[in-house]
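Chemist: Here's the letter readout for the chains.
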Amino acid sequence: MRNSGLSDRTFGIINGIGVLLITIIITYPLIFVISASISDPTAVNTGKMWLWPVDITFAGFEKVFENKAIWVGYRNTIFYTIVGTLIHLFVLLPCAYALSRKELMGKKIILWIILFTMLFNGGLIPSYLLVKNLNMLNTMWAIVIPGVVGAWSILVAKSFFEQTIPDTLVEASKIDGATDFQIFRRIVLPLSLPIIAVMALFHAVALWNQYFNALIYLTDENKFPLQLILRQILILSQFDASSGVGGVVDSYIEQVKAASLIKYAVIIVSALPLLIVYPFLQRFFVKGVLIGSVKE
Amino acid sequence: MEILEKENNVVAPTVHYKTSRIKKNFSANWQLYVFLSPALLYFMIFHYIPMYGVQIAFKEFYANLGITGSPWVGFEHFTRFFDSYYFWRLLKNTLVLNVYGLILFPVPIIFALMLNEVKNGAAKKWAQTLTYAPHFISVVVVVGMLVAFLDPVTGIVNNTIVKFGGEPVLFLTDAGLFRHIFVWSGQWQSLGWGTIIYLAALAGVNPELHEAARVDGATRMQRIIHVNIPAIIPTVVILFILNIGNFMQVGFEKVLLLQNSLNSETSDIIQTFVYQAGLLEGQYSFAAAIGLFESVINIVLLITVNQIARKVSDNSLW
Chain S
61 MRNSGLSDRT
71 FGIINGIGVL
81 LITIIITYPL
91 IFVISASISD
101 PTAVNTGKMW
111 LWPVDITFAG
121 FEKVFENKAI
131 WVGYRNTIFY
141 TIVGTLIHLF
151 VLLPCAYALS
161 RKELMGKKII
171 LWIILFTMLF
181 NGGLIPSYLL
191 VKNLNMLNTM
201 WAIVIPGVVG
211 AWSILVAKSF
221 FEQTIPDTLV
231 EASKIDGATD
241 FQIFRRIVLP
251 LSLPIIAVMA
261 LFHAVALWNQ
271 YFNALIYLTD
281 ENKFPLQLIL
291 RQILILSQFD
301 ASSGVGGVVD
311 SYIEQVKAAS
321 LIKYAVIIVS
331 ALPLLIVYPF
341 LQRFFVKGVL
351 IGSVKE
Chain L
173 MEILEKENNV
183 VAPTVHYKTS
193 RIKKNFSANW
203 QLYVFLSPAL
213 LYFMIFHYIP
223 MYGVQIAFKE
233 FYANLGITGS
243 PWVGFEHFTR
253 FFDSYYFWRL
263 LKNTLVLNVY
273 GLILFPVPII
283 FALMLNEVKN
293 GAAKKWAQTL
303 TYAPHFISVV
313 VVVGMLVAFL
323 DPVTGIVNNT
333 IVKFGGEPVL
343 FLTDAGLFRH
353 IFVWSGQWQS
363 LGWGTIIYLA
373 ALAGVNPELH
383 EAARVDGATR
393 MQRIIHVNIP
403 AIIPTVVILF
413 ILNIGNFMQV
423 GFEKVLLLQN
433 SLNSETSDII
443 QTFVYQAGLL
453 EGQYSFAAAI
463 GLFESVINIV
473 LLITVNQIAR
483 KVSDNSLW
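Residue numbers (this note's numbering), protein chains in the order written: chain S, 61 to 356; chain L, 173 to 490.
Incorrect hints may have been included.
[To be verified] Cross-link-like lysine-lysine pairs, in silico, DSBU-like; alpha carbons within 35 angstroms at most: (1) LYS283(S) / LYS234(S); (2) LYS192(S) / LYS296(L); (3) LYS195(L) / LYS234(S); (4) LYS108(S) / LYS483(L); (5) LYS195(L) / LYS168(S).
None of these hints come from the bench; they were simulated from the model. Since the structure is predicted, the reported quantities are computational estimates derived from the model, not experimental observations.
Model the full structure from these sequences, guided by the hints.
Modeler: And the structure:
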């Protein structure tokens, strides 16, 4: 074998160390947050706690669970995510299926109408004025309807239907007298569970994590999703430690301590559902990215 | 968009109702049009009405007159924006931030090439699962973590700096550091996830190519350079174009969260300004004009890059 610099063995070792280092760097902040959420705030704030929990306490979580705003936000987010994802599927799947059928006339024009929205949009201000004119400000519709479906998802689902639903099956069912509605419900949907799962997951994650629509469209705190509450606590440092406990006034130092403790606990509470579920659904997510890329 | 043309070629000769009238097709397939209607209604209302509403960029918007009733003012808002003292600052900040992000475009490619060389299946799987995870964390939480880690008194970063005898750094209020914090925290979040498509492309490389190269005495490094990299170039080009397509729009929601009055010298970008001027100050027409200016730049960039890619590499979106 010609010697051109590194031997394959050395290369493998160096590469392995590189991957390990990158993985550690990416994982470290996550581990830190988990450890910090159950450590004594003083140890966290003075840098004594840097990897594993120090002086374990669950006071942060207790404070989180006592806080009414967080619970309301949690409830709202779950509600918006479920409703939004259901509407997403209701709009996306029939449309993508219809576009996958070759007997549909005017398909090219319809696709262009949809695709053009990827290239150009009215922008923030006209969209905001529209939502305002539709009287959707400060309602859950402002959260779940704008952005309910994107051109990209339609393309992806359409190509899935084209590849998995054989024309002969649809034609045979039609000869047997089935209507398009029946074919869609009894044949297409049961055969399309993977794409339904992928689309629902992607949309649900996006809804769970979004804050901007809520920021501009909602003013009523009782409708705020979790992300807006998190923004107040984590970024604007507006955490009222006594809220929900009924007039218990902590000392200033206690409040600062509580605020810094709750920071990490609240991150865990908000991000954990996704981080726990994700490894089990990883293959669906990866599949989603790949079906999307095949399109190009 | 290439698909569209392909479809058209395939569909035309095979349509069953070639000779029949539109009416007949419609009465046979009307249910398919019902299927389309929710989506089309959505796109009409939530995309095309705002496109029509873009006209307020050329008008002086009065709420009581509505979008169509407000008087035309031509390019007044645009000239006001171009003549303003902050125009160059906004344009520069927007461009620099995005170019910085674009320079790091190869990072996930390199990581994908590295992951692809990890032959231990379990180790590779672990590395993937762990590095994909930050993708699922919301932008609010990411910024919240930055605020906590970079705090001048209680943050782990400054605690470490002090421990080694340094002075605490005011990371989040330093205009000079804003771009680095923004871009690198973005890398932290998207690096792993960004490898998925490249890993799939690498999995598709014909093993015989590697075998042949090995027989010819190529080292692993040489095989990466001469076999793997050429194999993923088409994917790289397409993703690069898509990236350009989002140029100037990336990460606005995160910028907004990271922005404060002390770092605004570098964190003021066009989109945060549109938000500020339009939604916070109510200058709808002026803000819409600035937003339109940005959209136009984006389209021009996308088309230009796509043309160039088509000329030099045969890979393009359309």
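Chemist: Look at each hint and say if it fits the structure.
Modeler: Hints and how they fare:
no.	hint	result
1	LYS283(S) / LYS234(S)	violated, 47 angstroms
2	LYS192(S) / LYS296(L)	violated, 49 angstroms
3	LYS195(L) / LYS234(S)	holds, 19 angstroms
4	LYS108(S) / LYS483(L)	violated, 58 angstroms
5	LYS195(L) / LYS168(S)	holds, 18 angstroms
Violated hints for the displayed structure, listed by number in ascending order: 1, 2, 4.
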